[in-house]
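Trainee: Given the coordinates of chain F, assemble chain Z onto it according to the supplied hints.
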Amino acid sequence: AQSVTQLDSQVPVFEEAPVELRCNYSSSVSVYLFWYVQYPNQGLQLLLKYLSGSTLVESINGFEAEFNKSQTSFHLRKPSVHISDTAEYFCAVSRSGGSNYKLTFGKGTLLTVNP
Amino acid sequence: NAGVTQTPKFQVLKTGQSMTLQCAQDMNHEYMSWYRQDPGMGLRLIHYSVGAGITDQGEVPNGYNVSRSTTEDFPLRLLSAAPSQTSVYFCASRRRDSYEQYFGPGTRLTVT
Chain F
2 AQSVTQLDSQ
12 VPVFEEAPVE
22 LRCNYSSSVS
32 VYLFWYVQYP
42 NQGLQLLLKY
52 LSGSTLVESI
62 NGFEAEFNKS
72 QTSFHLRKPS
82 VHISDTAEYF
92 CAVSRSGGSN
102 YKLTFGKGTL
112 LTVNP
Chain Z
135 NAGVTQTPKF
145 QVLKTGQSMT
155 LQCAQDMNHE
165 YMSWYRQDPG
175 MGLRLIHYSV
185 GAGITDQGEV
195 PNGYNVSRST
205 TEDFPLRLLS
215 AAPSQTSVYF
225 CASRRRDSYE
235 QYFGPGTRLT
245 VT
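Which chain is which? The protein sequence lines are F and Z, in order.
The numbering used here applies: residue 2 is where the first sequence begins, and numbers increase by one.
The numbering used here applies: residue 135 is where the second sequence begins, and numbers increase by one.
It is worth saying that the hints were derived from the structure and are not from the lab.
Predicted model only: the values in this text are computed from it and were never measured.
Just so you know, not all the hints are guaranteed correct.
Simulated crosslink set (EDC-like; lysine to aspartate or glutamate; CA at most 20 Å straight-line) [said to hold, decoys possible]:
#1 F:K50 / Z:E234
#2 F:K103 / Z:E164
#3 F:K108 / Z:E206
#4 F:K103 / Z:E193
#5 Z:K143 / Z:D172
#6 F:K50 / Z:D231
#7 F:K103 / Z:D190
#8 Z:K143 / Z:D207
#9 F:K103 / Z:D172
#10 F:K103 / Z:E234
#11 F:K108 / Z:D172
#12 F:K103 / Z:D231
#13 F:K108 / Z:D190
#14 Z:K143 / Z:E206
#15 F:K108 / F:E16
Just chain F, with the same shape it has in the complex (with noise of 0.2 Å):
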């Protein structure tokens, strides 16, 4: 079985400040790891995954998560954030491989970008 666990329910950051949400995980197995971000009162979306090669990985819309196996993390981080990133963010992982098709979510992390 996977666990998650995002370090931080809540981060309150400025304008055009660089942030770091945190996250850990669990596995006995090789793994797949995904942030997901969910803007108010909308459904989830993916941001960003890693499956496999480069250990960084990037969204389009300027954030980033690195893959670092020996600390079992996949922080996201952005260099300059906007209020247009206010949301809630979760990291999820899945087993690597075969036919797995369960995703086990961390509790979130509300991001809250003030001017």
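Mentor: Using the frame of chain F, we list chain Z on its own:
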């Protein structure tokens, strides 16, 4: 494509009532799932399906039933609603060969 649609958006039930939350997708995805989202708990998997006629239990299945008679539809039934089932429910789907799940807009359910 409409993507993943869910109805209703909001629902209030009394304890003991039954109802069905509807979910449909028009992307011909094989896999569909139901999650519930509670404050501070993240999303928890209720039931999932890997194809028409095949369903299985997730992490929190008690009090819920599902069926999958077509690829497009995956309804979630509450047999006898309880206040503990007050939550936001999300349906999701994905292709068998992809790990990207597409989520519906959610149904906010209140059981009094």
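Trainee: If a hint holds in the structure, say so; if it doesn't, say that too.
Mentor: Against the structure, the hints:
no.	hint	result
1	F:K50 / Z:E234	holds, 8 Å
2	F:K103 / Z:E164	holds, 13 Å
3	F:K108 / Z:E206	violated, 29 Å
4	F:K103 / Z:E193	holds, 10 Å
5	Z:K143 / Z:D172	holds, 16 Å
6	F:K50 / Z:D231	holds, 15 Å
7	F:K103 / Z:D190	holds, 11 Å
8	Z:K143 / Z:D207	holds, 17 Å
9	F:K103 / Z:D172	holds, 19 Å
10	F:K103 / Z:E234	holds, 11 Å
11	F:K108 / Z:D172	holds, 9 Å
12	F:K103 / Z:D231	holds, 13 Å
13	F:K108 / Z:D190	violated, 23 Å
14	Z:K143 / Z:E206	holds, 19 Å
15	F:K108 / F:E16	violated, 24 Å
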